[in-house]
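**Q** Sequence:
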Amino acid sequence: MKPSFPEAQLVDTPNGKVPKLYSCAECRSGAGLDFSFSMAFQPIVDWNQKKIYSHEALVRGTKGESAYSILSKVNQTNRYQFDQSCRIKAIQLASQIQIPALLNINFLPNAVYQPETCIRTTLEASREYNFPLNRLVFELTEGEEVQDHNHIINIFKAYQKYGFLTAIDDFGSGYSGLNLLAKFQPDIIKLDMELIRNIHINSVAQKLTKAIAGVCREIGISVIAEGVETIEELKVLVDMGINLYQGYLFSKPAFESVGELQFPDLSKK
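For the sequence shown, this note's numbering begins at 102 and goes up steadily by one.
Simulated from the structure, these hints should not be mistaken for lab results. Computed from a predicted structure; not experimentally measured. We treat Cβ as the ideally placed atom computed from N, Cα and C, and that holds for glycine. Take the hints with a grain of salt, since some may be wrong.
Claimed, not checked - Only pairs whose alpha carbons sit at most 35 Å apart, straight line, appear in this in silico DSBU-like list of lysine-lysine: (1) LYS258 / LYS174; (2) LYS353 / LYS284; (3) LYS258 / LYS311; (4) LYS336 / LYS284; (5) LYS284 / LYS311; (6) LYS308 / LYS174.
Unchecked claim - Pair ranges (Cβ atoms, derived): (7) PRO233 / THR178: 43 to 49 Å; (8) GLU333 / GLN215: 26 to 32 Å; (9) GLY342 / LYS174: 25 to 31 Å; (10) ASP366 / LYS174: 19 to 25 Å.
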């Protein structure tokens, strides 16, 4: 089952009615949206090499307001255009503030009706802002219900064709989980922060995390532990062999900037 779109957003084409496509310039100006937004950036760190692996673009209000203040305005009518505009904004700002590594962009699977066509805006933005395509990572937010796994797999395959890396965000929290992983193997999975929270005192969470990390290692998928906030959590995860991390322990999201980064000393209690 492919995503449906309201009549107000559809235009006639030789292939039937499809959502209206906007140019890169129109996306930047917010065409099709009645609200504006910006981005904060949070680093994902490589623990072994003590360097930044990537930055995730996180939607914010134009004055740094919460993600919810913007996401609560997204609906069936504007979901497609919001998804496209997020890509433009993330790439534009990442180029301006000179993000030094990969750039993670979340996408809404129910907004992507035809991957090859939707990628056009991303390609235009990459050329215009001189941001390399091979530094883009597209994250599927697992918390959004997806009824058609084949649709998601087609999106991922189209992204990989263009050299983008792919990731499943919030792995373990949503509707897809292991069923999707069995059908398609992304480059990266991000373990849900609820699994990571207080993992040092949760033996079941430790066993589950260790098992997932082990399976991913065997099939060549990188694992990111997100939501790491304490040294105690980090110590347990490092002992499991996990190397990529995201969380307040390293850096909070920084509005329209790369922010400050710290690597904690594990010898401290």
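**Q** Please go over all the hints and tell whether each is borne out by the structure.
**A** Results of checking the hints against the structure:
1. LYS258 / LYS174: 30 Å, holds
2. LYS353 / LYS284: 34 Å, holds
3. LYS258 / LYS311: 28 Å, holds
4. LYS336 / LYS284: This hinted pair holds, its Cα atoms lying about 32 Å apart.
5. LYS284 / LYS311: OK: LYS284 and LYS311 at ~21 Å, within 35 Å.
6. LYS308 / LYS174: Cα-Cα ~39 Å, so violated.
7. PRO233 / THR178: 43 to 49 Å: 33 Å Cβ-Cβ, so the 43 to 49 Å window is violated.
8. GLU333 / GLN215: 26 to 32 Å: 46 Å, violated
9. GLY342 / LYS174: 25 to 31 Å: 41 Å, violated
10. ASP366 / LYS174: 19 to 25 Å: For ASP366 and LYS174 the Cβ distance comes to about 42 Å; the hint is violated.
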